[in-house]
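**Student:** Spelled out from the first residue to the last, the chains are:
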Amino acid sequence: MADKQYKLVTCTINGVRRQTMVDVRASLTDMLRNDYQLTSVKKGCEVGECGACNVIIDGECYNSCIYLAVWAEGKNIRTLESLMGPSGELSDIQQAFIDETAVQCGFCTPGFIMSAVEILESGKEYSRDELRKLLSGHLCRCTGYENILNAVEKTMKKRLAMNHEV
Amino acid sequence: MYDMKALYEAESVSEAIQLLQEHPEAQIIAGGSDVLVQMREGKRAGAELVSIYMIDALRGITMEDDGTIRIGSLTSFSHITKDPIIQKYINVLGEAVDMVGGPQIRNIGTIGGNTCNGVTSADSASTLHAWDAIVELTGPEGVRRTPIKDFYIRAGKVDLKPAEIETAILIPKAAYEGYHGHYIKYAMRNAMDIATLGCSVNVKLTENKERIEDARIAYGVAGPVPMRAPHAEEYARGKALTEETIDIFSKSVLEDINPRDSWRASKAFREHISQVLAGRALRESIRLAGGEIHG
Chain S
2 MADKQYKLVT
12 CTINGVRRQT
22 MVDVRASLTD
32 MLRNDYQLTS
42 VKKGCEVGEC
52 GACNVIIDGE
62 CYNSCIYLAV
72 WAEGKNIRTL
82 ESLMGPSGEL
92 SDIQQAFIDE
102 TAVQCGFCTP
112 GFIMSAVEIL
122 ESGKEYSRDE
132 LRKLLSGHLC
142 RCTGYENILN
152 AVEKTMKKRL
162 AMNHEV
Chain D
2 MYDMKALYEA
12 ESVSEAIQLL
22 QEHPEAQIIA
32 GGSDVLVQMR
42 EGKRAGAELV
52 SIYMIDALRG
62 ITMEDDGTIR
72 IGSLTSFSHI
82 TKDPIIQKYI
92 NVLGEAVDMV
102 GGPQIRNIGT
112 IGGNTCNGVT
122 SADSASTLHA
132 WDAIVELTGP
142 EGVRRTPIKD
152 FYIRAGKVDL
162 KPAEIETAIL
172 IPKAAYEGYH
182 GHYIKYAMRN
192 AMDIATLGCS
202 VNVKLTENKE
212 RIEDARIAYG
222 VAGPVPMRAP
232 HAEEYARGKA
242 LTEETIDIFS
252 KSVLEDINPR
262 DSWRASKAFR
272 EHISQVLAGR
282 ALRESIRLAG
292 GEIHG
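Chains S and D, in that order, give the protein sequences.
Counted the way this note's numbering counts, the first sequence spans residues 2 to 167.
Counted the way this note's numbering counts, the second sequence spans residues 2 to 296.
These are calculated hints, taken from the structure and not from any lab test.
One or more hints might be untrue.
Computed cross-link-like contacts, DSS-like style, restricted to lysine-lysine with a CA-CA straight-line distance of at most 30 Å [unchecked claim]:
1) S/K8 x D/K6
2) S/K155 x S/K125
3) S/K155 x D/K83
4) D/K44 x S/K44
5) D/K174 x D/K89
Model, not experiment: these values are computed from the prediction.
Chain D with its partners taken away, still in its complex shape (with noise of 0.2 Å):
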C-alpha cells in the first residue's frame, strides 16, 4: 500500500483540470516511476494525488498539418523509439529515451512526466532542448504554448500553474527539418542508471555537405535544468568540417556550461567529459548528415 492520503482518477483533460481546481493541494501522477517511488521514500508521503494515467487521448505521436511533429504527453519511452514519425525525422529523440532505465521503466514512464519533473538528468531533456521543442500546457484558461528552454525554471521547478498539465511536447517542422543528431549518455551503468552527464548534438549541413549550417547542443546535468551551449552553437555555424572545428566547438561549450560537484561525479570531471562528448556527438552528426570530416 502507498501511503496517499486520496487518489482521483481523471478520464479526459478537462476532467484533470477541474479535479486540481478542487483539491489545489493535490499533486499529479502520470506513470508514477518517480511520484509512486519517492512517496515510498517518505518524500510525497500523504499527499493527495490525481492520476492522469488513464487518459489515453494524451498517448500518441501524430503529424500535424503544418508539419509539428506532436508527442502526446503520456506517451511512453518504448513507444517514442518503436514510432515511425519519431525514426524518420528525429531518431535521436527514440534512442535518448531508449536510455532511460530499463525495459518496464521504459514502458511505465512518459515524455510528460520526464519533462515536468524539472530535472536536469532526464534523458529526453537534452534532446528536447536540443531540438527547440514546444511545451504545450492545458489549464482552466485554455492552451498554451512555451518554448523548452523556458518551461525550466530551476532544479525541479518547471512553468506548471495551478491546475495546469502538460498535454504535448511539440517539434515544429523548422526544428527538425534537415537536422541529424546523436545523443550521448555517460553514466555508471549501462542500465538503471542516473545520467551523470547527457549531450545532443544535431547539425544541418549546407547542400553541398562541406559546412555546418547549423548546430545545436544542449545537455543534461552540466548545470541546475538542461540547458544549450551557444558559445559553441554560434562558432559552429558556417564552419568547414574539419578536425579543428570540432576541435574549439567542444572547447566552446566551457563558456556556457555549468556543472557541479555532486557524489556522482565532480565538477572538473564533468567539465572534461563536457567536451569530449560534445565532440564525439558532433563528429557522429555530421556522419548521420551525409558530411565528412577532413584533416
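In isolation and in its complexed conformation, chain S is listed as follows (with noise of 0.2 Å):
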C-alpha cells in the first residue's frame, strides 16, 4: 500500500481563518463535513450533478464534492451556516424557503440557498427564465421547484426594493 498523503491547507471558513492538515484524497465536502462539523454540506450524488454540496467560493459556487480539499489553499469558503445571524436568526432567503414553503425533506436546501445567496448578492435582477437556469444546478425530488423560484424571486424583489428606497 503506498504511504499515505497529507497536506497542511490554509483557508477561510465562514470568516475564520482555518488550518487544516488535509488526506489529499478528501474532496471538500469531506474537509467541511468532517473537520469542521459543517453538516450543511450534504453528500448527495458526490459526481457533482445535483448540487447538494454546493459552496461559494471566492464568491462563486462550486459543487464542493467534486473539488479536491487541497484545492481550498487561500480561498474564502462560506457555507449555509454563516447565513445564521448572531441570535441565531435565518436570513431572508432561508425565511422566504420557509414561508414559500421551498422546503420539504430539506436535503437539497442547503445548496439551493447558497446558489441563491450568489444570485442575491450580484445585485442584479433578473427574470424568471434566467432564475430557473441560474437555479439549474439542482436537483429536488420534492417541491417541483416553482416553490423554490418563488422563495429566491420574492427575496430578490425585496432587497432591490429596499436598495432602491436607501
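Two chains, two frames, some hints: make the complex.
**Tutor:** What follows is the structure in C-alpha cells.
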C-alpha cells in the first residue's frame, strides 16, 4: 500500500481563518463535514450533478464534492452556516424558503440557498427564466421547483426594493 | 475520499512538466469535473494525478499585439461567457460554453479540460473548430501550436505528447474579424445534459451584405470527433442570401458528417437534426451579421 499523503491547507471558512491537515484524497465536502462539522454541506450524488454540496468559494458557487480539499488553499469558503445571525436568526432567503413552502425533505435546501445567495449578492434583477437557469445546477425531488423559484424571486425583489429606498 | 494513488500539485507550467516527467503514469487534472467523476465511477481508480488547477497563470483572456485572442487553458466556462473580449469578438463561444452542465459545473470546468478530453460532445469543441482555433501546448521541448482539427486524433484521444500540457487556445484575428456565429445544442434537458448533437455556424458577409463571403460550420457528435463540414462551406461561398442557399447548405452537410447510433439518438435522427440545425444556425448567423434572407 502506498504511504498516506497529507497536506496543510490554510483557508477562510465562514469568516474564520483555518488551518487543516487534509488527506490529499479528500474532497472539500469531506473536509467541511468531517473537520468542521458543517453538515449543511450534503453528500448527495457525489459526482457534481445534484448540487446538494454547493458552497461559495471566492464569490462563486462550486459543488464541493468534486473539488479537492487541497484546492481550498488561500480561498474564502462560505457554507449555509455563515448565513445565521448573531442570535441564531435566519437570513431573509432562509425565511423565504419557509414562507413559500420551498422546503420539504430539506436535503437540497442548503445547496439551493447558497446558489440563491450568489444570485442575490449580484444585486441584479433576473427574469423568471434567468433564475430557472441560474438554479439549474440543483435537483429537488420533492417540491417541483416552483416554490423554490418563488422564494428566490420574492427575496430578490424585496432586496432590490430595499436598495432602491436607500 | 477519492481512490487516488498520489496527488502531485504543480504551481507553475514548468513544475507541471517536471512532475509529468517524473511520474509518466500520472494523469492531468484541471477542474476535475470529468477526472474526479470518472475516478468515482472506478474508471480512473487508483491513478496518480498531477493537479494543474492552482496554476493561476493559465487563467484569463487577453488580446495579443497581432489581434490574436488568447484564452488561458484553465479559464472556466463562466469566465469565458462573462469576458468582454469574448463578448465583443466571439460571443458565440461564450454562449456555447454557457450550455455546459449547470452553473456550478461552469465555474469549475475549464476550456483546456473540455478540449483535452477529446470528447465529441464537448460544447466548446464545435465552436472552436468553426473558428479555426489553435491549441497551444507546452512540454519538455518547449511550446508548439497546432490547429484544433489536427489536435483531435480519435474519440478520447488528442495530440498531447508525454509531459505536455495545453496552455492556451488561440483565435487568430483572421479567423474572427468580420465573422458572426451561432451555436445550437440539441439535448433532452435544458441543463445538466450532454449534447445529442451540437452545431456551430459562422458567416462573413460581403461588404454590401448581399452575399456570403465565407461560411464555416462544425459539429459535435456528428462523428467520433468534432468536425467541420467542408462541402457545405464550399457550397455557401459567394452565394446570395436566399432560402435556396440555406436549403442546399443544410443538405450538403450529409456529405461530410458520420453520426452513429447510440442510446441517446439514432444515426438517422442525428442526420435529420444535423440538417435542421445547420439551417437554423446559418439563418441566425446571417441575421447577426446584418444580412437579410430573401425568398
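**Student:** For this structure, which hints from the list above don't hold up?
**Tutor:** Checked against the structure, no hint fails, so every one of them is satisfied.
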